[in-house]
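Student: Given the sequences, and given the hints that come with them, work out the whole structure.
1 is the number of the first residue of the sequence shown in full-length UniProt numbering; add one for each residue after it.
Among the hints, a few may not be true.
Cut-off 20 Å, straight-line C-alpha distance, at most; resulting in silico cross-link-like pairs (SDA-like, lysine to any residue) [said to hold, decoys possible]:
(1) Lys138 / Asp102
(2) Lys100 / Glu271
(3) Lys36 / Arg64
(4) Lys205 / Glu195
(5) Lys138 / Lys205
(6) Lys205 / Ile172
(7) Lys36 / Leu66
(8) Lys36 / Ala81
(9) Lys100 / Arg131
(10) Lys36 / Phe63
(11) Lys205 / Gly231
(12) Lys138 / Thr109
(13) Lys59 / Arg71
(14) Lys100 / Gly152
(15) Lys138 / Val117
(16) Lys36 / Arg53
(17) Lys100 / Met266
(18) Lys100 / Arg230
Everything labelled a hint here was simulated from the structure, so no lab data went into it.
Everything numeric in this text was worked out from a predicted model, so none of it was measured.
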Amino acid sequence: MDIKNLTATFQPHASTHESPGKDSRTSVDKAMAVLKAFGDDANIGVGVSELSRRAELSKSTTFRLLGMLERNDMIERIGTAYRFGTAIQALGAQSIDSRKHDEVRDLLTPYLADLFVATHLTVQLATLDGRHVIYLNKLEGHQRLRSPSRIGGRMPAYCTAVGKIFMALDPIAAQAVITAERHPWTPNTIVDDHELRTELARVRKEGIAHDRGEALETLSCIAAPVLNRRGLPIAALSVSGTTDTFRAHEHEHTLRQVAFAASRMMARYEERAA
Numbered sequence: 001m002d003i004k005n006l007t008a009t010f011q012p013h014a015s016t017h018e019s020p021g022k023d024s025r026t027s028v029d030k031a032m033a034v035l036k037a038f039g040d041d042a043n044i045g046v047g048v049s050e051l052s053r054r055a056e057l058s059k060s061t062t063f064r065l066l067g068m069l070e071r072n073d074m075i076e077r078i079g080t081a082y083r084f085g086t087a088i089q090a091l092g093a094q095s096i097d098s099r100k101h102d103e104v105r106d107l108l109t110p111y112l113a114d115l116f117v118a119t120h121l122t123v124q125l126a127t128l129d130g131r132h133v134i135y136l137n138k139l140e141g142h143q144r145l146r147s148p149s150r151i152g153g154r155m156p157a158y159c160t161a162v163g164k165i166f167m168a169l170d171p172i173a174a175q176a177v178i179t180a181e182r183h184p185w186t187p188n189t190i191v192d193d194h195e196l197r198t199e200l201a202r203v204r205k206e207g208i209a210h211d212r213g214e215a216l217e218t219l220s221c222i223a224a225p226v227l228n229r230r231g232l233p234i235a236a237l238s239v240s241g242t243t244d245t246f247r248a249h250e251h252e253h254t255l256r257q258v259a260f261a262a263s264r265m266m267a268r269y270e271e272r273a274a
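Tutor: Laid out in structure tokens, this is it:
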């Protein structure tokens, strides 16, 4: 996406918050500097301090600009980090392997609906792209959640239940994530190598992954894999709820059943297509 094309969103005016002589850039220039500062982390999230450093702005100015950008849906706040918002996403949605993603979404959305009917909670369908998960579909529960996920959006694999599913069952995916830099989205995020490997071993053993407030402190989630006919994860289904009321064990059996049924369907579909 060409950030320069976004300049039309803002009306230029001289900054009233910067001391003359220190920075001759207008507010538009500074807003553009903040957007450009996201770089490759645009869909993942960057903290205020890091954005301030990259944009060569004071932290207070960066925070003020982020507030303005957030009010215009150009960026959104996820925990202590910021990422590109719905307005920018609408200008140029990413289409990496979009045909395959569309196929998986269309095939598995009926099972996502089954999961929703059984739980009445927020349910999600996701797949993996590199070190990040992409949410292919999402059905909101009766009690709407504050959540970092959105349809077509991305999150780092290591701090999500759906991401842990792929990491646990796909050694290549796990290696790609573990060897990359990770930052704590919340105090609960597992960033230590040993702890993360231990967590993934548990997921492999139990077949269920947990997000215990690791992407957002107020959100908890469980996920299970949808496997292809070779036994590799092609997608993951999840159930989410508020951390203080979500009882994962009450939904594990249903999640396993739906994911197993979805896996059997995918295996039959692949056999017919072969």
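Student: Would you mind marking each hint as holding or not holding in the structure?
Tutor: Checked hints:
{"no.": "1", "hint": "Lys138 / Asp102", "verdict": "holds, 14 Å"}
{"no.": "2", "hint": "Lys100 / Glu271", "verdict": "holds, 17 Å"}
{"no.": "3", "hint": "Lys36 / Arg64", "verdict": "holds, 16 Å"}
{"no.": "4", "hint": "Lys205 / Glu195", "verdict": "holds, 16 Å"}
{"no.": "5", "hint": "Lys138 / Lys205", "verdict": "violated, 27 Å"}
{"no.": "6", "hint": "Lys205 / Ile172", "verdict": "holds, 18 Å"}
{"no.": "7", "hint": "Lys36 / Leu66", "verdict": "holds, 13 Å"}
{"no.": "8", "hint": "Lys36 / Ala81", "verdict": "holds, 16 Å"}
{"no.": "9", "hint": "Lys100 / Arg131", "verdict": "holds, 18 Å"}
{"no.": "10", "hint": "Lys36 / Phe63", "verdict": "holds, 15 Å"}
{"no.": "11", "hint": "Lys205 / Gly231", "verdict": "holds, 15 Å"}
{"no.": "12", "hint": "Lys138 / Thr109", "verdict": "holds, 9 Å"}
{"no.": "13", "hint": "Lys59 / Arg71", "verdict": "holds, 18 Å"}
{"no.": "14", "hint": "Lys100 / Gly152", "verdict": "holds, 13 Å"}
{"no.": "15", "hint": "Lys138 / Val117", "verdict": "holds, 13 Å"}
{"no.": "16", "hint": "Lys36 / Arg53", "verdict": "holds, 12 Å"}
{"no.": "17", "hint": "Lys100 / Met266", "verdict": "holds, 13 Å"}
{"no.": "18", "hint": "Lys100 / Arg230", "verdict": "holds, 17 Å"}
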